[in-house]
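J.: Below are the chains, spelled out letter by letter.
There are 2 protein chains.
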Amino acid sequence: MNLILLEPNELGKPIPRRDERTIHLLKVLHKKVGDTFDAGVLGGQRGMGCIEKINIEGSIVYSLRLTEDSPPRLPLRVAVGFPRPIQLRRLLRDLSNLGVAAIDLMGTELGEKSYRDTNLLSDGGAKAALIEGAVQSRDTIIPVLSLFPTLEDWLRERPWDKAAACQPPVLVAADNVRPEGAMARLGSIPGPMVLAIGSERGWSDGERDSLENAGFLRLSIGERALRTETACVAAVTLALEKIGELG
Amino acid sequence: MNLILLEPNELGKPIPRRDERTIHLLKVLHKKVGDTFDAGVLGGQRGMGCIEKINIEGSIVYSLRLTEDSPPRLPLRVAVGFPRPIQLRRLLRDLSNLGVAAIDLMGTELGEKSYRDTNLLSDGGAKAALIEGAVQSRDTIIPVLSLFPTLEDWLRERPWDKAAACQPPVLVAADNVRPEGAMARLGSIPGPMVLAIGSERGWSDGERDSLENAGFLRLSIGERALRTETACVAAVTLALEKIGELG
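Sequences listed follow chains A and B, in order. Here the first sequence is numbered in this note's numbering, starting from 7 and rising by one per residue. Here the second sequence is numbered in this note's numbering, starting from 7 and rising by one per residue.
These aren't lab readings, by the way, just hints derived from the structure by calculation. Using N, Cα and C, we set each Cβ at its ideal position, and we do this for glycine too. Fair warning: there could be bad hints in the mix.
What the hints assert, rightly or not - Between beta-carbon pairs, the in silico distance windows are: (1) B:Gly187 <-> A:Pro22: 44 to 50 Å; (2) A:Ile92 <-> B:Ser120: 24 to 30 Å; (3) A:Glu16 <-> B:Glu13: 39 to 45 Å; (4) A:His30 <-> B:Asp167: 40 to 46 Å; (5) B:Ile92 <-> A:Pro22: 22 to 28 Å; (6) B:Arg207 <-> A:Ser194: 29 to 35 Å.
Said to hold, decoys possible - Sample of chain A residues facing chain B (criterion: CB under 10 Å; computed from the structure): (7) Asn8; (8) Asn103; (9) Gln142; (10) Arg144; (11) Ile147; (12) Arg230; (13) Thr243; (14) Gly253.
Please take these sequences and the hints and turn them into a complete structure.
T.: Encoded structure:
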């Protein structure tokens, strides 16, 4: 936990005793009254917190001195076929950690239909995973998460057109089965990118046609079959490199 | 499980009833007597297996018809500071899945000393994780795993000099704190690479000097602090791209 992140509606209240942030401050970092810590407000600024008081029941009273804007999210939108529920949490955390601006979860033809029935989106688990990934890189801003029943719905809605950007994004679909080329061979791209990653079993041929009609390039990320999470991190890393966000 | 992988010393014996391969064949793939499946021998060839008989107690008698060599491991050697034991298994699996040829685990000055005391290496857990990653990409060959007490030991031993190769490898150390440049800016490399990744807290300045003296370039993989496993997958992806193994 590289940053103690507070939600706007929590401000002014002590952090509860059993909260993982309290446990991290007191048990892992061994902070005492008067000690400072890195802090930020979800969607807002970051800076320093100070432990003003530890209440008898164990909650923490703190003050904040926020001085710095969080860096903006990176101009990459990632759409992924619903993974297994057990993978979804880690995937959201990792994509948030890597800095992507928006995550779209969508049903795909070859994806397991039951994977869409996850509680993670209603029970706060998805948000917690996005926050965990953001905090790792001292970020106060989390990716915008959206859901689409099918790839076709996503392509019809074109959510990337609504996101304000100076220039239209380059549209790429990861496809190791019937690629038109390799993502590694893509030159550097001077603007935002939208990256569509299928489900574990990839795209149907109908989906390939739909992606092509919508202007997507189908590119491979190598010849090896990778686990969904590994494939996502690898594809996002290459995408971030191509748009110049890795230095 | 994209391949049923058998160890050489298992050949000729039925696959036991409670073995995860038996469970995968009978419960997940619903295979019956006479059905075929993708099969391979650890360190050897791959091809087709056939279920000849299911014994009364539930074990599987099979025949093999192996016709194809496994693709060689990719010319990338990765050295990682011992991660938390809970992360080590996933890390070994992912690095094996990505195709690296060799994995060196080493102690680092800023790494937690206790992380070295893992049973995973003696109890077969490490090998199981390497196999799990390999099987995902239908590979019969797993990375060579070695252990070094410290980075200094690793640099002294230079295990990459012993691996036969047409040309000496390019030596890169991932360093997001005091990099000499960005890995993304590296041009394409026409040969093997050795990639050193520190522990969670990175390198000490003494280790930076040692790496430099040993001929390592210190390169960043972006400005964001990533989780150990995510950082490893991202760094390995960039390395594989640079050595031309992603297409």
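J.: Name the hints, by number, that the structure is in violation of.
T.: Violated hints: 3, 11; rest satisfied.
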